[in-house]
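A.B. asks: So the chains spell out like this:
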Amino acid sequence: MKPEELLYSKTHEWVAIATDEAGAKVATVGISAFALEALTDLVFVDLPQVGRSVSAGEPFGEIESVKAVSDLYSPVDGEIVEVNSTLVDQLETLSDDPYTSGWFVKIRIADETALSGLMDHAAYQKQCEQEMADE
Amino acid sequence: MEASDGTIQKTPLYQWHKDHGARIVDFAGWAMPVQYSSIIQEHETTRTTGGLADISHMGRLRFEGPGAAVFLAELLTRRVADMTLGQIRYSLVTNDSGGIMDDVLVGYYHNAQGQPYYVVVVNASNRQKIVDWVHKHLPRERAEAPGNEVLFTDVTHLWAMFAIQGPRSVVLLQPLIEVDLRSMKYYRGAQVRLLHPAAQRQGGIISRTGYTGEDGFELALGAPIAAAFWEVLVEMGEPLGVRPTGLGARDTLRLEAGMPLYGHELCEKTNPFEAGLGFACHLVGYDFPGRDALLKLEKEPQRRTRVGLQLEGRRPAREHCDIYAGETLAGKTTSGTMSPTLKVPIAMGYVSPEFSQTGTQLLIDVRGRKEPARVVELPFYQRKTK
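Going line by line, the protein sequences match chains A and B.
Be aware that the first sequence starts at 1, since it is given in the working numbering, and climbs by one per residue.
Be aware that the second sequence starts at 1, since it is given in the working numbering, and climbs by one per residue.
For the record, the hints were derived by calculation from the structure and aren't laboratory data.
Keep in mind that a hint or two might mislead.
Unchecked claim - Lysine-lysine pairs mimicking DSS-like chemistry, simulated, CA-CA at most 27 Å apart:
# : chain 1 : residue 1 : chain 2 : residue 2
1 : A       : Lys67     : B       : Lys343
2 : B       : Lys18     : A       : Lys126
3 : B       : Lys370    : A       : Lys67
4 : B       : Lys332    : B       : Lys370
5 : B       : Lys10     : A       : Lys67
6 : B       : Lys269    : B       : Lys296
7 : A       : Lys67     : B       : Lys332
8 : A       : Lys67     : B       : Lys296
9 : B       : Lys269    : A       : Lys67
So here's chain A without its partners, still in its complex pose (with noise of 0.2 Å):
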């Protein structure tokens, strides 16, 4: 996937939106090239199992490195269906590939109401940058 034609969250997590066979949009999720540069040293992830409902703002998993934790936020309310479940012992597949096969868990999306608050990739690169004169 192109990073230009993904919606971001403030907390740093991608998202592409896709129809499913059903017709149900679902949302792909990951974290930005930006966030992972930020992080480094990755060390372990933390993803949840399918079936699990979540809500946009709140956390899905766990992202470690060596300094730190940081949380995964849910951009989206919804259900988890599917789980990236290789990256647990392929951290550097994150790295590698953050927008293709370094997506963390697709989520079928039972509201809407949140993708409006997300950032087309211009606003999200502002926010970056705004992001790295602040440090």
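Chain A is already provided as a structure; the job is to place chain B on it using the hints.
C.D. replies: Positioned in the frame of chain A, the structure of chain B alone reads:
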């Protein structure tokens, strides 16, 4: 110069760190590099070849004069008065109730004129507190007591300090230092000439000490020559595979080596015995603040004891996690990370003595989930010696 006005302190290498891509963080009021590349890489470099680290933020307190030895003996928990030239000791500074105010290294040297002096290296986070403590115990009438004068100087900003750690540290440093480093013993040091034009004929203090669990040295030298001499080390280290390392790797290295860090394993509520630092307390002879309290504490059963913990899963515990033995609260973690060398999560913490036996199975509450762990011997990592 001081942080008291809220401004952040900078080491003489600050610009160098910035120019070389370091991620800078505020550490105890100092702008310090946490990493240049990756913490894991810098950690592994230190274990396999060597790492250079700017540790100029550590406080350096100098004591000289005929009364210095006795003054320090009456301030520190460790014997000082019997130290021989070039000897270094790990010591504690305790408050009147025996709580740890700081853990320090005290070294005894001669300057180029043969005059003796002591250097006490304190934690950056405790420097002001210890300086105040020294002043409290060194009123003018004592500092100027005829025949027993004590001259105390906080030389932190006048000197810089580097850690050169790892198996290739002798090879890197030897051409630059006039004494034979191969024969220098652990916890020994010397004031030496630095053999490079960048040192502008100035000297430094080299010691075979460190905070990584590797063979290595620490070098104190004048702030004005520090940046140039650092560049010499970086350049000469390059072909040896020796690289600059930040505070991130310093923390994972010391943790694997089972070394306590003030603010984590140690605080003013910690007593030396529960911290496993009884060896640094010499309770007969000179009286120092906290000695009477320590004499009493030494005889009492300990409330808790410092242990190493290895988690069975992959999820690292950090500091402040509750430790359980079944349903019983057994203690709390003080540090934790994924060990870059052992590739398993490791932690240190305090547990009740009944749960401190090696092999004891415990649970660590890592953000709401109890992860199985067991008590293991410290250090987690020990380098192979020839």
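A.B. asks: Does each hint hold? Answer for all of them.
C.D. replies: These are the hints, each one checked on the structure:
1. Lys67/A - Lys343/B: Holds, at about 14 Å.
2. Lys18/B - Lys126/A: holds (24 Å)
3. Lys370/B - Lys67/A: holds (20 Å)
4. Lys332/B - Lys370/B: Within the cut-off at roughly 13 Å; holds.
5. Lys10/B - Lys67/A: The given pair, whose Cα atoms are some 23 Å apart, holds under the 27 Å limit.
6. Lys269/B - Lys296/B: holds (16 Å)
7. Lys67/A - Lys332/B: holds (19 Å)
8. Lys67/A - Lys296/B: violated (39 Å)
9. Lys269/B - Lys67/A: Distance of about 26 Å is within 27 Å: holds.
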